[in-house]
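**Student:** Sequence:
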Amino acid sequence: MVDILSKIDKMIQKLSNFLMGSFVTLIIAIVFIQVVFRYVLKLPLAGAEELPKYFMIACVYLAAGLLARDDGHVKIDMLTLIVKNEKIIHIIRTLTHLLSCIAVLVFTILSFEYVAFNYTSKDVSAGLGFPMWCITSFLIIGGTLMTINYFISVIKDIKEVKQWQ
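For the sequence shown, our numbering assigns the number 165 to the last residue and increments by one with no breaks.
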């Protein structure tokens, strides 16, 4: 079972990395094409400025999911400077992971409601008429990845605490 979950985790990581790399490449290509068309050919591409923003949003939420996996999100850990007991530091870290998991779970639920609203209202982008639910669905994807990864961190932390006894 652990091997299967490990393989799924690696596949998700590889897919996320591939998508982020592709999106960044597309961002660079689209911005370059926009510059050429606007300043060299004097033909501005109407609405094309939306695409790099949308690809960047997708990258941010995919990366957020991966950062939660590696505990790489920005955090303030001043308590670890004050508290010297390793067990207390570990308990604080466990509580931090638990609170992060709960907060991201709430975010994911609200994101699902927001995407459902975008889908049912047939909301589209102003410039290209692109369905907004496609873009905002990355909120759900990133939120789900973060929730799962924080939950796994909480489970690992609790297992470590149980080993102390």
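Rather than coming from a laboratory, the hints here were simulated on the basis of the structure. Every residue gets a Cβ at the ideal spot worked out from N, C-alpha and C, and that includes glycine. Incorrect hints may have been included.
[Stated by the list, open to error] Lysine-lysine pairs mimicking DSS-like chemistry, simulated, CA-CA at most 30 Å apart:
1. K75 / K14
2. K122 / K7
3. K156 / K75
4. K10 / K156
5. K75 / K10
6. K156 / K42
7. K53 / K122
8. K14 / K42
[What the hints assert, rightly or not] Computed Cβ-Cβ distance ranges for the label pairs, DEER-style:
9. K14 / N85: 35 to 41 Å
10. V74 / Y114: 58 to 64 Å
11. G21 / I155: 28 to 34 Å
12. D71 / A46: 22 to 28 Å
13. I33 / I92: 17 to 23 Å
**Student:** Which numbered hints are broken by the structure, listed smallest first?
**Tutor:** 2, 6, 8, 10, 12, 13
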